[in-house]
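There are 2 protein chains.
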Amino acid sequence: MPRNALYAQSGGVTAVINASAQGVIEAARAAPDRIGKLFAARDGIVGVLAEELVDTGAESVETVAALRHTPGGAFGSCRYKLGSLEKHRAHYERLIEVFRAHDIGIFFYNGGGDSADTCLKVGRISQQLGYPLQAIHIPKTMDNDLPHTDCCPGFGSVAKYTAVSIREAGVDLASMARTSTQVFILEVMGRHAGWTAAAGGLAAESVGDAPQLILFPEVAFDEARFLAAVAHNVRHYGHCAMVVSEGLRTAGGEFLAEAGGRDAFGHAQLGGVAPLLADKIKAALRCKVHYAQSDYLMRSARHVASKVDLDQAYAVGRAAVEIAAQGRGGVMVSIVRTADQPYAWSLAEVALTEVANVERKMPSEFIREDGFHITAACRKYLLPLIEGEEPPPFRNGLPQFARLKLQAVPARTGKTFDWQSGT
Amino acid sequence: MPRNALYAQSGGVTAVINASAQGVIEAARAAPDRIGKLFAARDGIVGVLAEELVDTGAESVETVAALRHTPGGAFGSCRYKLGSLEKHRAHYERLIEVFRAHDIGIFFYNGGGDSADTCLKVGRISQQLGYPLQAIHIPKTMDNDLPHTDCCPGFGSVAKYTAVSIREAGVDLASMARTSTQVFILEVMGRHAGWTAAAGGLAAESVGDAPQLILFPEVAFDEARFLAAVAHNVRHYGHCAMVVSEGLRTAGGEFLAEAGGRDAFGHAQLGGVAPLLADKIKAALRCKVHYAQSDYLMRSARHVASKVDLDQAYAVGRAAVEIAAQGRGGVMVSIVRTADQPYAWSLAEVALTEVANVERKMPSEFIREDGFHITAACRKYLLPLIEGEEPPPFRNGLPQFARLKLQAVPARTGKTFDWQSGT
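Quick note, the sequences are listed as chains A and B, same order.
Be aware that the first sequence starts at 21, since it is given in our numbering, and climbs by one per residue.
Be aware that the second sequence starts at 21, since it is given in our numbering, and climbs by one per residue.
Calculated from the structure, these hints are not laboratory results.
Identical copies carry no separate label here, and so any pair may be met within one copy or between two of them.
Pairs of lysine-lysine residues, derived as DSBU-like cross-links and limited to a Cα-Cα distance of at most 35 Å, are as follows: (1) Lys57 x Lys425; (2) Lys381 x Lys302; (3) Lys302 x Lys101; (4) Lys425 x Lys327; (5) Lys107 x Lys308; (6) Lys435 x Lys425; (7) Lys302 x Lys107; (8) Lys308 x Lys425; (9) Lys57 x Lys107; (10) Lys107 x Lys435; (11) Lys308 x Lys435; (12) Lys101 x Lys425; (13) Lys101 x Lys300; (14) Lys107 x Lys381; (15) Lys302 x Lys425; (16) Lys300 x Lys400.
Just chain A, with the same shape it has in the complex (with noise of 0.2 Å):
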């Protein structure tokens, strides 16, 4: 008899990790001599820690193809990082606890950087334990910042989402430049690094083009530099349509949406980048401005997802499977990309070793010179990830995403852990 498989989702969630759901669980129904039953764990590890495993098996195979169009963690996921072997033992020795009472032998891990180093752990504890397990870790981040990987699956639709939506906004205010707005600021995820608002740049094809600006985390912000080339923009073109990062800096390395001053009742200043940089704007340049913050809808617009990042979402599920049936672990599934022009891609692994605690960072040759825009080198990487388009069935005017059983599987420890406390 094959041993059982469990996949579990982590961290922030995407438009398209439910197509790497959908991959694994094809997969593994189409292995059954080398993947037992396959169980998914409610709300990421944390669910392994409670024992709330569901049964995949019970999802129709309609359910689980239509995960390819359904956004967020369709199984849940978790906000929740386990610490160093020795400082959370307790919640590793659950772990496995609760894999041998259901005689999983893989483990599938969905996630970014910092579940690939549970992923990385678990694997030395099932060791260190005499508990055979395979670990994989399957990517997923829309901050792109996994190393040893082209891009990272849940990155293109964000690119896809940044780039559509300000082109969009950026025909909307040149129209009303002349007698109403003149700047518009669209704030994007990703505290870190500056893919997502990178990704704003593909919209500015030919001069002119909004975005007019971009604002990165890896640039210092420098007001006077900022208002003069907003003023610039407005003076040459009417307008000015920027991308900004949430997490911009202050030459200090503050994030200037928290050095941005507090209220009379001493609160951080609410708000994000976006209005700060809206109130500098309408006291220097005197013009109306507007700003949107897509925050969540970004992440979850499934309904302008990125084919090439479905795609590559649902191919590495399916090849985490393979590489399981083929009795390996400890290794993440990596995309290797083998042409830009026509994009092509195929698969490899990377040890875990390799990735866990390894953050991407946006190279600086994809920064233009003067701060405030991508450059050819970066538009040929990005482009090739927010191509294709496949919308969700829409019915009533609305997209439609599975509905699952989500039907729990028995808990056989025996025995409750309280994953706050470890006990």
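Chain B: place on chain A using the hints.
Chain B alone, transformed into the frame defined by chain A:
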């Protein structure tokens, strides 16, 4: 020789106003015996005053067809309201002067309530001055506040954007709620009426679906009741996703966003109503809150426009030309609902005297008794308006928009006119 016509766009633009422009241009081209040249004004009425006209005849058939999938205002729009005939007599006379110089006998004004008023007054001054003019108003406003029409072109697409966005963000939120964000707020435009916020309610098809709450400008904000409702949803479903109108007001009628306090420098608090609500929720419920402010993104989101809205926008443009060709004026084209399910509609015309300065409010029976959601009657009204999809063509992963020649028509009045000073 038939007389020439002029088309101008007015007020905040939408994802589909250019479909009306397409309708006007295509219908005018098909009636060369009734309509001479079709000019368009740059930036709405301001471009007429400045005698900045373009010849739509210079645009190719393909470019005109591409207007259907181009958001923003292709000819430019304006926020500029002409006052009474007495107050702005010089402006009105200047309009007639420009019309006369270019033998313009038909004026198509594509906008909301203010432009209907302008259209009416331009018709009146032409009579006073003995200059024959057919002034025809083509409805457009995302605010859905024009009277005597089933809906306003531009609204259906904003409604669809809102419902799609909260559905997507709602599943994202649900998957994170156990260990991370439990409340998500989507702030939407619409200062004076809750139409857009109401449209978010369409996403809630089953019990527990997002949005769990809607806050309307029509319902005075009651902090205690609001926090209790959020807490109830978090307890019951584990999370709470809501759509909030930017026009939310206190019981005293003050905008909440403006009542929210001032910072240390005495500036009104920035950032709209969402951050204010987020702060209140965090303080009271001690949970993590995220929010998005979609602003211009929602009204420019052509990529997810409603096909019904597109069809209506196009049709009202064509109908305006037919009315003109039949020699009439002083009217707005209106949409008449003839059936709900399936939705059927026809076009009619309403005297501008019935339209100007009348604001259509959202009926109170569209708001659920507790003030936090929509009723079945509201759903019945709104649902048809978001139906159907017609995405723009994409290339390189991005939507493609029309790029117009905007070929200038040589000035003929021999005079300049400063529209700001009226001299």
